[in-house]
Amino acid sequence: MLDGSDAMNPDPDYSAAYVELRTDAADGLSGHGFAFTIGRGNEVMTTAIATLADHVVGLDAEDFLADLGRAWRLLVHDSQLRWLGPEKGVMHMAAGAVLNALWDLRAKRAGLPLWRLLAELTPEEIVDVVDFRYLTDALTRDEALDILRAAEPGRAARIAELEATGYPAYTTTPGWLGYSDAKLVALAQQAAADGFTQIKLKVGADLDDDRRRFALARQAVGDSVEIAIDANQRWDVAEAIAWVTAMEDESIAWVEEPTSPDDILAHAAIARGIAPIPVATGEHVHNRVMFKQMLQAGSMEVLQLDATRVGGVNENIAILLLAANFGVRVCPHAGGVGLCEAVQHLSMFDFVAVSGTRERRSIEFVDHLHEHFIEPIDVRDGHYRVPRLPGAGTEMHAASLARYAYPDGAEWSTGADSGAAPDAGAAPDAGAAADTDPAADTGRSEAVHA
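Using the numbering used here, read the sequence shown as starting at 1 and increasing by one per residue.
Take these hints with a grain of salt, some might be off.
Unchecked claim - The calculated DMTMM-like cross-link candidates involving lysine to aspartate or glutamate, where the alpha carbons are at most 25 Å apart (straight line), are:
#1 K183 to D146
#2 K183 to D63
#3 K88 to E43
#4 K183 to D194
#5 K88 to D67
#6 K88 to E371
#7 K88 to E62
#8 K88 to D146
#9 K183 to D78
#10 K183 to E301
#11 K183 to D142
#12 K183 to D236
#13 K88 to D78
#14 K183 to D137
#15 K88 to D236
#16 K88 to E120
#17 K183 to D11
#18 K88 to D263
#19 K88 to D137
#20 K183 to E375
#21 K183 to E120
#22 K183 to E20
#23 K88 to D194
#24 K88 to D262
#25 K183 to E152
To be verified - Okay, the calculated beta carbon distance ranges per label pair:
#26 D54 to K183: 30 to 38 Å
#27 R360 to V57: 26 to 34 Å
#28 N9 to R212: 42 to 50 Å
#29 R70 to R22: 32 to 40 Å
#30 N9 to G58: 36 to 44 Å
#31 D194 to A297: 53 to 61 Å
#32 A160 to L121: 12 to 20 Å
#33 A157 to A410: 23 to 31 Å
FYI, nobody ran anything at the bench for these hints, they're computed from the structure. All values derive from a computational prediction rather than experimental measurement. Here a beta-carbon is modelled for each residue, glycine too, at the ideal position from N, C-alpha and C.
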């Protein structure tokens with residue numbers, strides 16, 4: 001196993017498809033978004049993003065940004081492109097990347113970080129960006145308004161609390177497969193010393209090894225730090241229940257992605273079979289409709305939305321409202337390239353304007369690749385500190401793009417023919433990794449400018 005890998009993804013390269021929206025406005029502001037792909041497939045994703053350009057390029061930016069509910073409908077409900085989903089897969093992620101770039105631009109125009117922009121919208125303005133189609137058997141517009149209006153009285157106090165103390169984080173840094181025992185123990189101890197109250201271990205490759213690594217981690221952090229496990233879709237139902245039972249530890253904070261992310265009933269069966277240990281999932285759930293069904297079926301006790309998997313900020317607001325309506329806590333997926341920077345805004349908005357709580361909620365933290373962003377995350381004492389700069393946190397430094405954008409970036413100039421980065425060795429194809437360790441500088445990004 002490579003450092004930074006898991007039981008289902010043994011060769012990640014931590015790359016992304018990147019989109020920039022430019023206008024001819026005098027302010028010179030631009031919107032930035034991306035879709036995290038993990039490696040091969042960037043060419044497919046950038047092509048999908050470029051396909052959506054006709055829905056954006058040439059439109060009046062002010063009108064478009066003023067009605068991002070309309071933007072969702074234009075990008076997601078194209079009568080021909082939706083045939084490729086609908087509302088799932090590459091085209092849906094591409095739409096999400098463009099929508100996130102639009103929200104980034106809108107927040108910059110407002111002079112606010114995205115979480116604050118969202119938190120200051122009225123309940124009516126928030127529900128106007130949500131598509132309630134297919135949701136009304138679980139969440140109506142009126143029910144969403146009730147949730148948001150109930151949270152209104154304490155908004156100002158929660159903003160002040162958030163600015164003072166931040167939002168809780170947990171870390172996956174100690175838990176990657178491929179780490180030596182000494183490295184696992186050292187990183188787990190460091191996480192506890194840094195104020196994290198939960199860590200996560202990747203599991204699913206070897207049961208005996210998982211039991212041993214879990215015991216080492218528990219010894220390293222003591223009983224005051226929770227430990228979750230993540231199988232990354234490795235098991236079927238019977239295997240998941242047997243594996244978790246064989247771990248012989250009901251202190252497990254949650255079991256993440258035990259099986260196929262599309263299998264709603266399997267998740268529900270596993271949840272019943274491993275109770276009282278919670279099931280957590282969501283990073284690969286395609287859309288709000290599947291989240292609705294998982295919540296209805298009791299398939300998850302921890303909802304792990306992802307900033308770039310679904311249809312952007314719009315759809316993640318719908319998912320947050322669904323979670324609130326079902327009383328399910330949200331602990332987002334992060335890591336990757338820029339996922340921490342992006343998803344923090346959603347959790348902070350949820351605390352201020354939707355759920356009104358941080359109890360037993362946390363955002364995943366993985367300590368790599370943040371230096372490439374204009375405003376990298378600030379995690380101290382086990383908490384995400386509020387981002388201050390206007391925007392969605394998704395803009396990368398121009399120097400990083402110039403160096404790593406594929407295929408014209410400087411990093412690729414000596415190995416462009418083979419697809420290999422300097423010092424990375426020969427690569428099998430154009431989607432191969434610049435470096436397989438997430439602690440390295442970065443993978444590659446592919447830029448589409450709309």
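Hints the structure fails to honour: Result: hints 1, 2, 6, 7, 8, 9, 10, 11, 12, 14, 16, 20, 21, 22, 23, 25, 26, 27, 28, 29, 31 and 33 break, sorted rising.
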